[in-house]
Structure formats: structure tokens, C-alpha cells
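**Q** For the sequence shown, our numbering assigns the number 1 to the initial residue and increments by one for each residue that follows.
One or more of the hints may lead you astray.
Dumping the calculated EDC-like pairs for lysine to aspartate or glutamate here, alpha-carbon to alpha-carbon at most 16 Å [claimed, not checked]:
hint, residue 1, residue 2
1, 331, 299
2, 554, 600
3, 153, 195
4, 221, 195
5, 290, 345
6, 235, 210
Between beta-carbon pairs, the in silico distance windows are [to be verified]:
hint, residue 1, residue 2, range
7, 615, 393, 40 to 48 Å
8, 590, 245, 28 to 36 Å
9, 498, 205, 22 to 30 Å
Quick caveat, the hints were computed from the structure, so don't treat them as lab data. If you're wondering where the values come from, they're calculated on a predicted model, not measured in any experiment. For glycine and all other residues, C-beta sits at the position ideal for the given N, C-alpha and C.
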Amino acid sequence: MMLRVFLYFILFSTNLYSKEIPIIVISAGKTPQSYSSVGSQVTIIDSKTIEQSSESFLTDLLNNEAQGLNIFQLGGKGTNTGIQLRGLPKRYSTVYIDGVKMNDPSASDNGFYSQGLFKDSIDRIEILKGSQSSLYGNGAVGGTINIFTKKGKLGNHQNATLRTGQNNTQDIFYSFDGADEKQNYYVGFNYYSTDGISAMSNDNENDPYENNSLTANHGYKISENNTIENYLTLKDSYLKYDEPTAGRDDTLNSSDNIEAHYSFKFKNINNNFKNTFGFSKSATSRMVTKYTSRQATYEGFKNMFTYLGEYNFNLDSKIIYGSDVEFFKAKYPTDPGIVKTHDEEIHSLYVDYQFRPYENIYATIGGRNDIHSTAGDEQSYRVTGAYDLGRNSKIRSSYGTGFLFPALYESGQYGWSNQVADMINAEKTTSFDIGYETYFNTLDLGFNITYFDILVEDPIMGSNITSFQDNVPGAENKSKGIELATNWTDNKKLNIGFNYTLTKSYSGMDCDKPLKDAFGYKSCIDLNNGWIDSAMVRVPLHAFSSKIDYQINKDVNTSLMITYKGRTRDYGTVNQDSYRDQILDEYFLVDLASSYKLSEGYKLDFSLKNVFDEDYENANLYTGTPRIMNIGLKKSF
């Protein structure tokens with residue numbers, strides 16, 4: 001029945017509306033689309049915004065520029081950092097850099113920790129909200145973040161940036177790029193070193209961090225219709241870290257990490273057909289030294305073959321189809337001298353039809369089938385619609401199903417003594433959102449509001465007593481809320497942006513957990529805090545931010561960033577009432593930034609974080625960033 005409906009839409013809804021629509025390259029459908037035709041909520045951070053930012057790292061940039069994201073960090077620079085979309089844990093969202101999925105198969109939840117990604121080599125960021133599993137597969141439930149690195153521009157260019165700050169922080173960036181009629185290339189190098197701050201709020205021991213990163217790409221035009229592209233990212237980082245255990249000497253704790261990601265793409269255009277064949281390869285290695293001096297190395301490997309096809313019926317209708325084959329493997333130390341290896345596969349097929357049934361209505365309908373080597377088959381679907389109201393206004397809505405397969409750690413019997421791999425099924429999700437956005441020309445005011453509702457069934461979790469990991473029968477994770485964004489400018493000197501998010505989430509994998517922990521305590525608390533008692537961890541009920549940019553003159557620009565996050569629930573530790581959950585206090589932060597154009601090609605940046613030196617935690621017992629000042633000098637030549 002579903003196939004017949006799908007074929008009907010293809011055959012009978014290819015009417016041509018030749019009205020030209022400005023094209024903006026976005027990834028909502030894995031193909032260039034006009035923003036006005038997209039039914040999913042999407043946020044675009046362009047190259048100009050990235051270039052003008054005084055931040056060094058991607059997550060700091062997202063904190064300032066993106067709506068509806070929640071980012072937590074377990075201490076200072078280099079410590080574990082997670083990006084949460086729509087009130088769900090980080091593993092329910094996917095991150096891609098130049099088409100390479102940035103997850104670590106050796107991580108306990110197969111999630112992506114986003115610390116250590118520099119923003120200097122990034123050209124564009126596209127954040128898609130809601131279920132994207134029908135296009136992006138496993139884990140794309142809260143949304144998908146697509147990151148595109150810079151490419152060479154015509155001619156030959158060099159750029160250099162030197163930043164310095166408190167805690168003996170040194171940050172160096174250098175890049176060179178170029179292009180001609182046949183090829184383009186880009187190479188960017190980052191070096192970052194700091195004595196750091198203490199990750200824990202209960203000691204004063206600094207945690208130094210060092211990061212060396214390389215981003216490179218090369219494109220070559222074989223013929224008029226055929227091109228090849230190569231992308232490479234490397235990262236070598238070292239961190240001294242703390243653990244939330246009072247009285248423990250953590251001076252030996254360290255993590256030495258290496259990451260490498262490579263992708264190759266061959267693109268062919270043949271009349272109305274576009275074909276892209278790709279291959280990507282990733283490897284990660286984390287050597288962890290504990291306070292006992294014991295070392296353990298965790299390794300993850302991933303190979304992926306992709307095919308993406310596109311057929312354009314006309315200006316308004318096209319079909320996207322493709323296939324992914326993913327092979328991933330992890331090596332875990334289980335006992336001294338014993339390393340276990342486990343590997344799995346996912347084979348996927350998908351199709352997405354984008355069409356214009358009426359002059360002012362744009363729609364997509366798509367589906368996907370994924371076959372996991374141990375967890376079985378999963379199907380996902382999505383339907384989106386956008387209604388162009390005219391005068392820069394539209395109503396958009398999307399509905400989709402998604403899934404999250406168990407991580408290798410969960411299905412491969414690492415650290416969980418009695419797990420039977422084929423007993424774990426994928427978590428199943430449904431997602432709905434509806435939004436309205438407009439731009440009032442007479443007021444120079446942009447307005448965007450979205451309601452979202454996400455349900456996760458059969459969540460996977462474990463027990464402290466039995467070391468058993470499995471789906472929790474009947475349990476549900478829920479997240480619903482409202483995202484509001486406005487932006488006003490006088491088109492001369494002043495620009496004011498405001499974001500607010502209300503998130504009512506419920507953690508069924510914790511609060512519906514059938515077994516109590518070793519201390520007889522069931523997760524979640526009941527202190528009459530309303531939604532916070534059983535909310536997803538580290539997700540505030542209320543959050544807002546505001547950024548005010550003021551162009552003093554043609555050479556000087558200043559920014560004021562205000563951030564508020566309400567109280568949140570988090571897991572406890574052995575030092576806090578036998579692992580009982582905690583409620584973290586709300587906090588309010590103020591940051592300042594300024595840039596000054598010294599002369600042609602030279603620019604001076606200044607930033608002051610946490611102006612009022614507020615004490616805060618966005619994770620239990622992990623300190624927030626204190627007042628820190630940084631100065632940077634940029635040179636283009």
C-alpha cells in the first residue's frame with residue numbers, strides 16, 4: 001500500500017511551476033533546495049558569521065549562534081562535551097563533517113563527543129531539527145548537524161590567527177588555499193594549548209589540554225560532468241582530567257586521543273541525473289590512564305560505502321535515492337592484558353521524493369530500510385510540508401519515525417557480563433513538529449516559532465546490580481516544547497537576536513527502570529520540582545539567550561552575549577547520597593566580545609567570558625568556565 005501511494009505521488013504530482021526560487025544549498029534533502037521549500041526546521045550558520053566569531057571551538061560558536069541547542073561540558077577545554085537537540089541525549093542526534101558521520105564505535109553509547117573541533121576551517125553549518133532517520137539513518141532522531149569545511153578560492157591565499165589568553169592559553173591557526181578552472185585545494189592547521197582549569201568544583205587542580213588538528217580537502221574536475229573530491233581531518237589531543245570522587249589524587253588521570261577521518265567522492269551529472277559514489281574511513285584511539293596508573297586503550301574503526309542518486313523531473317520535483325553500507329568495529333580492554341574485538345554492519349536503502357503539488361505548497365515523502373547484523377531490520381519514514389504564505393512567510397511541518405540501534409558496547413558484551421547480543425532491539429521513535437516563520441520588512445524583524453513532540457519507545461539501559469543491558473519494556477522517553485527565535489536589525493549598526501526554548505522532557509529509561517540500584521534507590525527524584533524531577537539529564541526546562549551586535553564604526557564591532565539556563569536534573573555520584581539524582585541550580589552568564597580592523601588584512605579580537613564570574617555547573621560537580629579573557633590577531637594575505 002505504501003509503495004502504491006508513493007508511486008502515485010511521483011506519477012501525478014510533477015506539475016511544473018516555473019517561478020524561479022532562489023537556491024540555498026542546504027542538507028534537508030541531501031541536495032540543493034530553496035529554504036522556502038523545506039518543511040523541516042533548519043538553522044544555517046554561514047561563513048560570514050563563523051569568520052566574525054572570536055571563538056576557537058565549534059561548540060562555543062554554536063552556543064552563541066544556534067537556536068534550541070543544549071551543550072554541556074564536563075569542565076574546561078578538552079573535557080567531554082555533548083550536543084543535545086530537542087531535549088534528548090546526545091546519542092539521539094548525528095553530526096557529519098563533509099559527509100563523514102562523526103561517531104566513535106568504541107564509545108559506550110556510540111555517540112559523538114564534540115570537544116576539540118575548531119571552527120576556523122569550517123565554512124558552513126546546517127542544523128536540521130526533528131527525525132531525519134529516513135535520510136540519515138541510525139540515531140538521527142533529535143536532528144542532524146551537517147558541517148562543511150572551507151574549499152579553495154580562485155587564486156592563492158593564506159590566513160593566520162594567533163590567540164592568547166589566561167591560564168597560559170596559546171591558540172594558533174594557519175591555512176593556505178587556492179583554485180583554478182580544474183581544481184581547488186584547502187589545508188588548515190590548528191594548535192591549541194592551555195594549562196586549563198579544574199574540571200571539578202571540589203578541587204583547585206588545573207587540567208592541561210593540548211590539541212593538534214589538520215583539515216584538508218582537494219577537488220578535481222575530470223571533465224564537464226565528472227568531478228572527484230577528497231576530504232581529510234586529523235586530530236591528536238591530550239588531556240589531564242578529574243573524576244568526581246572527593247579525596248582522590250587525580251594527578252595521573254589522562255586521556256591521549258587520536259582521530260582520523262577520510263572520505264572520497266566521485267560525482268557525475270548526466271542530463272537530469274546526478275550520481276555520487278562515496279567511500280569514507282574513520283579510526284579513533286583513546287589511551288586512558290587512571291589514577292591507579294593502569295592504562296587502557298579503546299579503539300574504534302568505521303568504513304562506509306555510499307551511493308546517492310538524484311533525478312530531476314522538472315524545477316519543482318525530484319527524487320533522491322541511495323544506499324549506505326556501514327562496517328564498524330571496536331576493541332575494548334576487559335581485563336589486564338585482555339582485549340576483545342567486536343564488529344557489526346548496517347545495510348541501508350532509502351528514497352525521498354520532493355515535489356510541489358500546488359503553487360504555494362512544497363512537500364516531501366520518503367522512507368528507509370536498515371538491516372543491522374545483530375539487531376535486525378528497521379524501517380523509518382518522514383513526511384514534510386511547507387506552505388509559502390508570501391511576503392517572506394511560511395508554515396512548515398514534519399512528521400517522521402526513527403530508530404537508534406544498540407551501540408557495540410551494549411550488544412558486544414563489554415563491561416556488561418551477562419548480555420545476550422541478539423536480545424537488544426533498536427529504540428523506536430516518532431517525531432512531530434509544526435512551525436511558523438516570517439520577516440516583517442517594515443520592522444526589519446525576523447520571527448520563528450516551532451512546537452515539537454518526540455516519543456522514544458523501548459529505550460536501552462543497564463542495571464548496577466546485574467550488569468545487564470537491554471530494552472526497558474513499556475518505558476518511554478518523551479520530549480516536547482517550544483522554540484522561539486527573533487532577530488531585529490536597523491540595517492546600519494545594531495542587531496539584536498533572542499532565543500527561548502521551553503523543553504518538557506521525561507526520562508523513561510531512568511524513571512521507568514524496573515530494578516533499583518545497589519543502594520535500593522530508584523532513579524529520579526520527587527522534591528516537587530515539577531517537570532525537572534524526571535526530566536532528561538542536563539536538559540533545562542527553560543533556556544534563553546540573547547546576542548547584541550553593535551557596529552561602532554567601520555573598523556570596530558562589539559557583541560554582548562547573555563545566556564540563561566534554568567534548573568536541571570543530573571545523575572549523582574558516590575559522594576552525594578549514594579548516587580541519588582541531583583537538581584542543578586539555574587545560572588545566568590554574560591560574555592563580551594569586540595573586534596577591531598587595524599589595517600587592510602589585519603584584525604584584532606578581544607573576548608571576556610563570564611564577566612561577573614558566576615559560579616555554575618551544567619553537569620553535576622563539574623565546574624563551569626570562570627572569568628577568562630582572550631586576545632587574538634588575524635592576518636589574511
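**Q** State for each hint whether it applies.
**A** Status of the hints after comparison with the structure:
| no. | hint | result |
| --- | --- | --- |
| 1 | 331 <-> 299 | holds, 5 Å |
| 2 | 554 <-> 600 | holds, 12 Å |
| 3 | 153 <-> 195 | violated, 37 Å |
| 4 | 221 <-> 195 | violated, 45 Å |
| 5 | 290 <-> 345 | violated, 32 Å |
| 6 | 235 <-> 210 | holds, 10 Å |
| 7 | 615 <-> 393: 40 to 48 Å | holds, 44 Å |
| 8 | 590 <-> 245: 28 to 36 Å | holds, 33 Å |
| 9 | 498 <-> 205: 22 to 30 Å | violated, 38 Å |
Hints 3, 4, 5, 9 from the earlier list are contradicted by this structure; the remaining hints agree with it.
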